Every structure is written in C-alpha cells, then in structure tokens.
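**Q** Letter by letter, the chains look like this.
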Amino acid sequence: MPKLRMNQAIALAIREEMERDPTVVTFGEDIAEAEGPFKTSEGLLERFGPLRVRDTPISETGFLGAAVGAAVTGLRPVVEIMFVEFLGVALDQVVTEAAMMHYLSGGRLNAPLTVRASCGSGLGFGCQHSQTLERWLLGTPGLKLAVASGARSAYGLTKAAIRDPDPVVVLEPRALYGRREDFEPGEDAVLPFGVGELLANGDDVTIVALGQTVGIALNAVSEANGWSADVIDLRTLMPWDRGIVERSVARTGRLVTVEENQLTGGWGGEIVSHVASRCYSDLRGPVMRITAPDVHVPYGSELEAEYLPSSPYVAKQISELISTDKVPGHWWEDTR
Amino acid sequence: MPKLRMNQAIALAIREEMERDPTVVTFGEDIAEAEGPFKTSEGLLERFGPLRVRDTPISETGFLGAAVGAAVTGLRPVVEIMFVEFLGVALDQVVTEAAMMHYLSGGRLNAPLTVRASCGSGLGFGCQHSQTLERWLLGTPGLKLAVASGARSAYGLTKAAIRDPDPVVVLEPRALYGRREDFEPGEDAVLPFGVGELLANGDDVTIVALGQTVGIALNAVSEANGWSADVIDLRTLMPWDRGIVERSVARTGRLVTVEENQLTGGWGGEIVSHVASRCYSDLRGPVMRITAPDVHVPYGSELEAEYLPSSPYVAKQISELISTDKVPGHWWEDTR
Amino acid sequence: MSSPVLPEETEVQLDAVSRRLALTNDVAVRFARMVEIRLLEDRVIDLFGEGLIPGTTHTCQGQEAVAVGIAGATRPDDVVVCTYRGHGMALALGVTPDALLGEILGRQIGCMGGIGGSMHLSDSSVGLLPTMAIVGAGIPIAAGSALTAQVLGSDRISVSVFGDGSTNIGGFHEGLNLAAIWRLPVIFVCENNLYGEYSRIDRTTPIEDLALRAAGYAIPSETVDGQDVDAVLSVIERAAARAREGEGPTFIEAKTYRYAGHSRSDKAAYRPAGELDSWLERDPVRLYGEKLIANGTLDEEGIERIWAEQRDALEATLERVLASPRASTADMFTRVQASGS
Amino acid sequence: MSSPVLPEETEVQLDAVSRRLALTNDVAVRFARMVEIRLLEDRVIDLFGEGLIPGTTHTCQGQEAVAVGIAGATRPDDVVVCTYRGHGMALALGVTPDALLGEILGRQIGCMGGIGGSMHLSDSSVGLLPTMAIVGAGIPIAAGSALTAQVLGSDRISVSVFGDGSTNIGGFHEGLNLAAIWRLPVIFVCENNLYGEYSRIDRTTPIEDLALRAAGYAIPSETVDGQDVDAVLSVIERAAARAREGEGPTFIEAKTYRYAGHSRSDKAAYRPAGELDSWLERDPVRLYGEKLIANGTLDEEGIERIWAEQRDALEATLERVLASPRASTADMFTRVQASGS
Ligand SMILES: Cc1ncc(C[n+]2csc(CCOP(=O)(O)OP(=O)(O)O)c2C)c(N)n1
Ligand SMILES: Cc1ncc(C[n+]2csc(CCOP(=O)(O)OP(=O)(O)O)c2C)c(N)n1
Ligand SMILES: [Mg+2]
Ligand SMILES: [Mg+2]
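First to last, the sequence lines map onto chains A, H, W and U. One point on numbering: in the numbering used here, the residue at position 251 of the first sequence is 251, and numbering is uninterrupted. One point on numbering: in the numbering used here, the residue at position 187 of the second sequence is 523, and numbering is uninterrupted. One point on numbering: in the numbering used here, the residue at position 167 of the third sequence is 839, and numbering is uninterrupted. One point on numbering: in the numbering used here, the residue at position 131 of the fourth sequence is 1144, and numbering is uninterrupted.
Isolated chain A, as found in the complex:
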C-alpha cells in the first residue's frame, strides 16, 4: 500500500479519471505548468497535454462559467478554486447556474462538473484565506458537497465527484495536504456520496465530524476518560447520511457535532436539528455543537490553534455533557 500525501492522492485520483474517460479535463490558476499551488495536479500536464490540462487567467467567474458550459455539452471539467473564499467572486456560477442546469433543461442536460477548493485554518493564512464556508453551498438544490478528511477520503471522493452526473464541490482542508495516509487506491476506494463512515465505536455518544475535525474527534476519543463514542466521518454534506447518524444515536442517545466553522450557520446546525427533531425519543441528553467562535479566523499559530476546537477541548466538553446531562458553555463564553 502506498503511503500518499493528501495532495498526491488527489492528483492520482484526477489522473486515473482522466485515463479512464477522455472527456475529463482540468483547469484552474497555475494548475498546469506549475502543477498546482498545493501540488494537487502533479504530472497531469505532462501526461495529458495542454488541451486537457490548462492554466487559467485570474477569472473565477470566467473559468467556472466555462466549466459549466463545458459540462453541459459533453466534458467533465475538474476545476480548482485555490482558496474556497475565492468562490465569493463567482458563487453564482456554482449555485445559480451549474446547480440549476439539469432542472432548467427539463432534465435533458447534466452538469457533471467538479469544483475542488482548498479550505480551512491551521496554516496561518489569515482571515480571508482560512475559512471552510460550507454555508455558502449547503442547501443549494441540485448541488452536491463533499469534504475530504485525509488522503484516502480525498481520493475516493474526488473520483466519485468526477464520475457524478451532477455538479459537486469537494472541499480539501489545506492543513491536511501534506499528511500521509496508507490506503489501496483503485475502484474499491471510490467513495459513494451520502454514505458516512464509522471510524470508532462507542456507547455513550455519537460524534459527527467532517474534514479537519475528523482527526480531532478521533484524538479526543482516544483521550476520553470514562466514556466511549461512535465517531462518524460524514464525508458528504449533500446528500448527508441520515441513516448512519440516526442508527448511532439510537444506540448512544447523545449527539455531538465537531466543526471547524464558526458557531452560527455551520453545518452542525443541520445535523443537530434533524436529530433533535426526528430522533427526539432516542435522546437521553441535549444535542451539542462544538465549533469555533463567531469571529474571523485570526492570524498567528497560537491564536489559530485556539480558534479551532482542539482534541482536549472536545474531550472536556463531551465529558461534561455526559456527566451533567447539560451542555457546557463554549470556551469563549468564559473568556470574554
């Protein structure tokens, strides 16, 4: 089994899909000659040439729009948005154009488009280059949304996204690009959308995590004292795996989401609301969201580390939840 870094796993996934299907093309800023600002397209230009692997001008609306037009006429474009924040200048093409193409063609056209975007905090890029921003996408009918939690899931989700007939956004936590993971690439590693993964088993609480917080949640559980947890990597937010969460909560009776987002408007609200509403009778205590505070992502290693929920913090909050059956305050409710 090769030990691949997450960026290598992504490059491999794209390469394999381009081999498999001559309609797959890829473009973005500096992804061809320079092989990607995060080296997620290493070797692709050399292998597939400049017709299928292209650098673009700094024109997110232009090249996302081009991807939409290409997708509905027979290509499967994979486009890179260097930092997810840059979608802010071109969101329209993803959520108002791509996501409506199937509908607006009376079901005749598909827009099999993959938008890859790096996201998240942890590398000191400051407030305009460190967010996750699922909230801009979550809830858009016609769109799918996946979040990688490491090399293996990045590989499997990227391949699934490229094959999917609908537009898909895959978020890639930037802090994980350099981390290596052991896994066997190939058909069996393709990950279906809408299927979460149970990464740890336990009795007292169901922890739902996504992207960068999957590792954080697993570490928290390994430090847990006197309780055990199911840890679910949700993997896709649209669609999301209600079944795996419901089944787990039916056993554990408690739900905690661990997200990288600010508290307000994060994806955790969706999971927590669903469970509080539909699994009420299974609950033996309040649902809880563990998140970052409602502030801009600060610059600087220490502050950024405080911003993101840490494993010890997650463990502490869950311990308190379990022992008191009350939701403890967020750390910043004491701090301020």
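Please keep in mind that the hints were generated in silico from the structure rather than gathered at the bench. From a predicted model like this one, the values you see are computed outputs, not experimental measurements. Every residue, glycine too, gets a C-beta built ideally from N, C-alpha and C. Please note: incorrect hints may appear among the correct ones.
What the hints assert, rightly or not - Here are some of the chain W residues that sit facing chain A, going by a computed Cβ distance under 7 angstroms:
| hint | residue |
| --- | --- |
| 1 | Met784 |
| 2 | Pro812 |
| 3 | Leu819 |
| 4 | Gly847 |
| 5 | Gln1009 |
For chain A, the structure is supplied; the task is to place chains H, W and U with the ligands on it using the hints.
**A** Just chains H, W and U with the ligands now, with coordinates in the frame of chain A:
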C-alpha cells in the same frame, strides 16, 4: 396613522435618513430616475439630486465594492440588489470585504453600509429570482442581517440599518412590497437589531417566523384548533434574539420554526439547534422545522404556492406535533 | 449533426430541428419566422395583461432580425447561449411555439416542462442551452461550450447572445478574455438595443462603440445593422467560418432596438420622444418583406398570406397549450438532480 | 490633512504621517525609504525561511520605485488601496517598520493588532485602507473611496494599486467602468511585474499594452517606467491633478518586476533564463542612488551611510518587535463589529 405599502415605507425610511444625515447616499440599478424596479426609492432623486442618488451600471461587484470603499471613508451608502440572487456575482464584497473592514483596520474603520435586497417567492419569477438565501450571509462574522416582515418592520429595520456602524443586509420579501400596514413612522418606530417581537401569545408552542412567514404563522395560529402559540417575528438573524425565544420556550416547552427556505441549510436550523442544545430541559416535545422542500422554486402560481408552507399546513403540522409529541413528516415525504 | 448533448429525441424535438433546417434553407421561412416571433411576443404581452401569466417576461419585438440571422447562419448542432429575453432566439432556433408558450404558461409540454417560465427556455436538440436570468452568466458558459468542441476536436461553434447592458458586468470581461486566450470557437453577439432595463446605454457605459472593448482582448469585431437580417446572417457566417477554422472568437455588435418596455410592467416612459418612431421606420420584419418582394421571392399577397397563416397558427397553438396539462407537484422534485432525488 | 476616517491618533500613527511628509519633502528620504523597503523585504523572506512566521508573504523587491513614487506624489489624506503585496506601499506611505513587522510577526503593535498578518495591512492616518487578499476586490473599493471625496466635495483622491494579473478579473472591469461613468477622482495603477503568481502575462492576457483596456472605458492612460521613481512620481502627479480638478480617473501601467517569487514558497523557476538578470541591471534603488549622486544630492559615502543606517534601524526594529507582546486571545473578539461584540 398613514397606511403605507412596504415599498413606500422603505422609501420613506431612506428619505428620512438622508434628511437627517448628509453622508447617506443611495445607489443601485435603476433606483434613481426610474425610482427603483419595486418603487422603493420614489422621490429620492428629485429630493436629493444626482450626487446622492445614483443609477449604476449592471455591475454588482463594482457598485457594492464602491459602497464598501465609500463606507470606510465617511459615507453611509444604501445600495440596492434588485434580486438577492444577484449577490451571487458579488458576494465577496459583502462577506469577505465589508464584513472584515473593521477587523482588518485594527478596529479603526467602520463600514456602515446597508445592502437592501428583494427576496422570496410568490410572484412567479422562477427559480433564479425567488429565493431567500439567508444562508449565504448567516454566520458571517462582522455582518448583520435583518429581514422585513411588512411595512412597519421594513421601515424600522431600514432606518436602524442605515444608522448602524456595521455592514447590514436587509432582505425585503418581494411579495410584501404592495401590502399596506398602519403604523406611525418616526424615531419610536426605529427597530433595534437583535430584538425579536412577540406578535401573538399562547401556551402550547413557540413559533419563530421571519419575513414572509410571519404573516403565514399568524394566520396559522388564528386557525388553530385546541392550541395556542407564541408567535415571534425574529426580525434580525445576526444578531438574533436568543432571550425572547428562550423565555418563550421556557413557558411553552415547544419550538417550531416556520421558514420560506428549503429545509437544508436554512436559518431554522440555527434556532432549533440552539434551543435543542441550551433549552433541552425546558422542552416537552421535539423541536420542529417547517420549511419548503429541497427543490428549486418552481414557476407558476399553483406550484409556487405549494412550495411555500401555507397557513393550513403550518396549523396542521403543529396540531399533529402537539397531539402526538412526534414530528410529523413533511408534506413531500408523502407526495413523492 | 448528432451531438453528445442530445438524449432521446422526442417528437417535439425533431420538430424543432426541422423547423431550424427549414429556416436555414428557405428565405420565405425566414420571413415567416420573423412574423411568428413578432406575433407571439405581442400575444405574450397581452396574455400577461390579461393576468393569465404570473411573474414577468421580456419580449423582443424589434430585434427579430438578430435572432433569425443567427439561426440562419449556424447549424442545429452548434450551441447558443442567450438570456431571459429569449423567446425570439428560441423560436428562430426551432423551438416550437407549443413548447415556448407551454413553458410560459406553465404546461408540461413547455420546453423545460413548465416549471421554469418565460426566462428559462431550453432545447438541446437545436443547441439552445438553458437561458439564464442572471446578467452576464451565459457569456463564460458559452465560452465553455466552445471549449468542448475544441477539446473533442469537433467543428461545432458556440454563439453567446447578450445585451448592451451586460457588457458592464464582470462575466463579460472574464468570458471574453478566456475565449481569446484559449482561442475558443465562440461568437459573442451583443444586441445593443440602447437600454439596459430603464437606463440608456450612455448613462452606464462611457463609450459608444462597444467594439473598443473587444480590442481589449485582441478579439476582432464587427458592427452590424441589427435590423437587416441578411446583414446579420453574413456577419455571423464570417465569424462562424473563422471559429470553425480555429481562428478563435469574434465580437459582433448588432445595433437594434426593443419596441416594448424592458419587461411586462415597463411602459418605457424614459425613452426620448420620437426614438421609438424612428426605429419603427426601419422595422426588421417589414424591411425584410420589402426586400423579398423587391427581389421577386414573394409578392404582396404572399407576404399577407404569411402574416395570416402565422396569426392562425398562433391562435391554434395557444388553444392547444391552454388545453394541455399544467406542470404538477411531482415535477418540482424529479429534475433537481441528474442522479435522481 | 485631517480626515473623517481618522480616529484618535496614537504615537505610531503620528509617526506614520511624519514619515510620509519627510518622504514627500526630501529626496534623500525617498531614497532611504526605498532602501528600507528592500532590506525589510529581504529580511522578511529570511524570517519566513527561519520558520519564525506562519502562513505566507508576498514581497516586492524590485518594485520599490512604484510605491515610493505614489507616496511622494500624493497627500497623507488621500486614500490608497493596494493588495496582499503591500509591504512596500505601506512603508512608503509612512507605516512604521515597527507596525509592519509587528503585524507580520503577530504582535499587538502590528498595524492591525497582529491578527491579520502579512496580507492585511492598514493605517488610516496615512490613508492606507486595509489591504485585501482577494484579487481585484480593492479596485471598486478604491472607486468608492473616491466617491466619498466627490460627494463630500473634498479634493482628496484615491489610488488603486494592483497587478497585471488582476486586470483579468471582473472587479477590474466593473471598477474602472464605474469610475469612468461617475468621473471619480481615482488613479488606477497597474504594477505590471509580468507575472500573476507563476503565470507569465502573455499566457493569461491576450494583449501586451494594458492601456488598451482603459480605452474600453474611455479612461485616459499612461505607461511609465516603474523602475524610475521620478517618472512614476510625475505621472502620478499629473493624474492626481486631473482627479482633483474633477476630470475623473486615469489608468497608469507601471512596467516593473518582482525579484522574488510570488510568495514565500515560490522559487520562480518558471522564469526564462536571464530575465531576472536583465531587470537587475535596472534596479530601481541603485538607479535612484546613481541619479542622486549625479545631480549632487548625495555622494557615494552618503549612499553607503543610508544603507548602513537602514540596516541598523531594521535590526533594532526587529529586536523591539520580537520583544513586544503577541496578540492575545481577547484580540480575536474585540474588533469583529464596530457596534461591540
Ligand atoms: C447580475 C444581474 N444583475 C441585474 C439583473 C437585472 N436585470 C435583468 S435584465 C437587465 C438589463 C439587461 O440589459 P441588457 O444587457 O442591455 O439586455 P436587454 O434586456 O436590453 O436585452 C437587468 C439589469 C440580473 N438579471 N442579473
Ligand atoms: C479572486 C482571487 N483569485 C485568486 C487569488 C490567488 N492569487 C493571489 S495573488 C495572485 C496573482 C496576482 O497577480 P497580479 O495581479 O499580477 O499581482 P502580483 O502578485 O504580481 O503583484 C493570485 C492568483 C486571489 N487572491 N483572489
Ligand atoms: Mg439592452
Ligand atoms: Mg503581477
């Protein structure tokens, strides 16, 4: 007391603020000479002249960006986005630029900018002109978000937005522009942000509504059979009035949100999550979200009416919740 | 002429292709199509006035020659991306009046099933991509459909149709630049009808000659009389030939005028007195009729017959459409995702 | 010189204004400032190399003359909007090395309190609006700050500084068009350093002469040698005079070059052999030093002394900054909203 249509109330609010403060300016597409596509700036050009009341080219990024630059250097721009969907081509200027200006200036600059956008379904404009899209904004640190529910609240929120030192987005449900409401304009009618309003009193359930669903919820309650409800117009989503909701739920023991959004990613998730988490011991039944289905807004009066939760539907869902202590399925869960 | 964007062909779709080919091959059909567009647009305004249709609509009376010129100079397997002001373009490309009125009236036979409405037309059998209601959005989308042809090595081209007001939005700039740097087979057609909504172009755009903007991307440009269908046709033919030869994009500014207001509710009171009248003197439908008489293709009577036939056909269509089933609740759900919902 | 954007002045802020005025009034200071920028940028690269700083940085060695020229030709109450490649511009405008390095090193004395980092500088006392890290975003923002001057009837102007690569994004197009149609007092300065990230301009932009784009908005333009501080200064002075007279925007393309890679991790291997060397021959700092010697303002020894002084000052600054307190947890919360959080 004048009986004003909502669009007249908005024009009056802007006019009064422009009288009061010479730094208030307003611009947008066809808001000056044509007095606004929805007549929300009637009389402003005539009264204040072309230096302060301007038509713009079709350049949402250009004129929103200009509003940001004007706001941090001494003006208070009020800009109109004709349909909230058009923010998709320029979201960056609102959430990544305006909302970070105070932070990025080390607290020295303010960006007192008001973005007004019409939103919502009910007029047959089709899927790209009928959404509410609070989700693009909700959770953005540094931004405020208000939603009008009629002439009175539009007036009060618009005036508060213009006076606010932070960037504010005010959403105006388009279907309400033509509805008249009796109220007394003036200083006392300015509505503070973060303060919800209790519009009906009851014992069995707390209904939280916003924008167009406020009227729907009130109608539902008036049709209620065997139960009564607190109906809260939340008025602002950032910040939102936790206190009024918590106090009400402490009495009623039940929470229902009624929103115009699709189920996934709507603001209801935020309210419901908070209550399910922090007011768990007050609850005597599951929390419930009443929403539209996860589809594009359909064209055509009948389908559009089905899409939006109706008063009878709201009443029926709540009756069932109260009588069974279970959350009934959404209407489309049977239909499909 | 077969195309990867084409799924199973329905009867209506085949009809669209024959309608398109008829227009390409027969100048009388070209004239008839212009008449059809004019009559249908007038009727649509009435239908809205009668309260039969919710929402809004954007008609194109006065701009018929641009639509028919584009359709006549391109192939059904070429791709066209236009806007919410798309009825004329759709009919010209071959979309049937049934499918068009069906869509506007919310019927299942509508070209997108009756759940899109006037602003959202689509027919992949004649290359009409969904018309989008966001200004400028279609411009890079058209570039992208040209990218498909370039990558797959086909000689299909794309045509992007948009208004004068749309040249001020970022998508215009980015779409043209991308098409230029990638040498994509796409024709940008700006229908300069002097107004973006209620604003005259000189109040939003500091230049008169929009071709100047094309120069900023090294894209060759031509300005054409948009009221002369043959002039439009030949300028598009030249641009199409360049595109098919791999010589990249062309920018065409068609000078034209919309007779009606911007949308259903607009009475266009902002227009200077006499402006409409002076454009009516160069009405594209009448001009073309006169030309066909002059060159002996038709006589007065033939012209009159076409008007009459089209009038009758429209009323028959409308009757059929109004009798046909409305879009149903289920239709809301079934086309949200290609992968099933 | 007082400005509505100015709150209470701190010592550091006053210092920034004097630094600015010194530069305006004294050519030797102008030279010293260019040296300061060069040394600081080199040092920043080292600090990142040593792992002392997280994240990324974009330095401007080779582009010093543009920044100093702009600062020298404008007033402290004018407004400047630049980008993430903003260290040089900030220093030129007067921001102190303490405030700049403090920001980069995450200290409370940083010009935005140490929670923004290298890409986010700001000092309203000398008109530097927050530098934004989104390409093109600052262009309409600069237009808007010029709108303030126009509406309030002041003669303040705005300068928008951006790179060659940024001329391909929608915000550029929309910002220039709006400034033109509203005749705003703003100067658009494009620092054409030949690269946008790792892409040479000819691979993303189909024209060589960016002034062509300005013509698309009827904006007058000038191209200037960006390595010659006096040339930059005088072109900006002309544009500023036009703007203050109410004659609207000007577009200036400054031909320049960045010696370092795009950002900390970029070794710039994509550059053709010899390109850097040929630009180094026209190094703006050396050229200006030679000019000052030639016209008798300074002698060789004076030049050497300035380099030595600046070197010492930088090390002293760095020591002070490293000894100063880091941004604290509370700082995360206190500046999210003006209305208190
Ligand atoms: C991004 C965006 N902004 C604004 C609008 C509202 N709008 C619809 S059509 C229109 C005018 C477009 O003018 P033009 O491009 O000249 O086309 P025409 O309507 O004249 O055909 C405007 C402003 C929109 N649909 N999308
Ligand atoms: C909207 C957006 N897209 C992409 C980027 C990533 N990015 C940062 S700098 C840059 C290159 C900009 O080049 P140019 O405008 O020439 O300025 P320079 O860096 O040469 O000063 C890119 C692509 C960004 N910050 N924002
Ligand atoms: Mg027009
Ligand atoms: Mg550059």
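**Q** It remains to establish, for every hint, whether it holds in the given structure.
**A** Tested hints:
1. The interface hint given for W:Met784 is met, as the beta carbon of that residue sits about 4 angstroms from the closest beta carbon of chain A, less than 7 angstroms.
2. At its closest, the beta carbon of W:Pro812 sits 3 angstroms from a beta carbon of chain A; the interface hint therefore holds under the 7 angstroms criterion.
3. A hinted interface residue such as W:Leu819 counts as satisfied when its beta carbon comes closer than 7 angstroms to some beta carbon of chain A; here the least separation is about 5 angstroms, so the hint holds.
4. Residue-level restraint check for W:Gly847 holds (minimum Cβ-Cβ distance to chain A is 5 angstroms; threshold 7 angstroms).
5. For W:Gln1009, the interface hint holds, the least distance from its beta-carbon to any beta-carbon of chain A being 5 angstroms, beneath 7 angstroms.
Against the hints set out earlier in the document, no violation occurs for any number.
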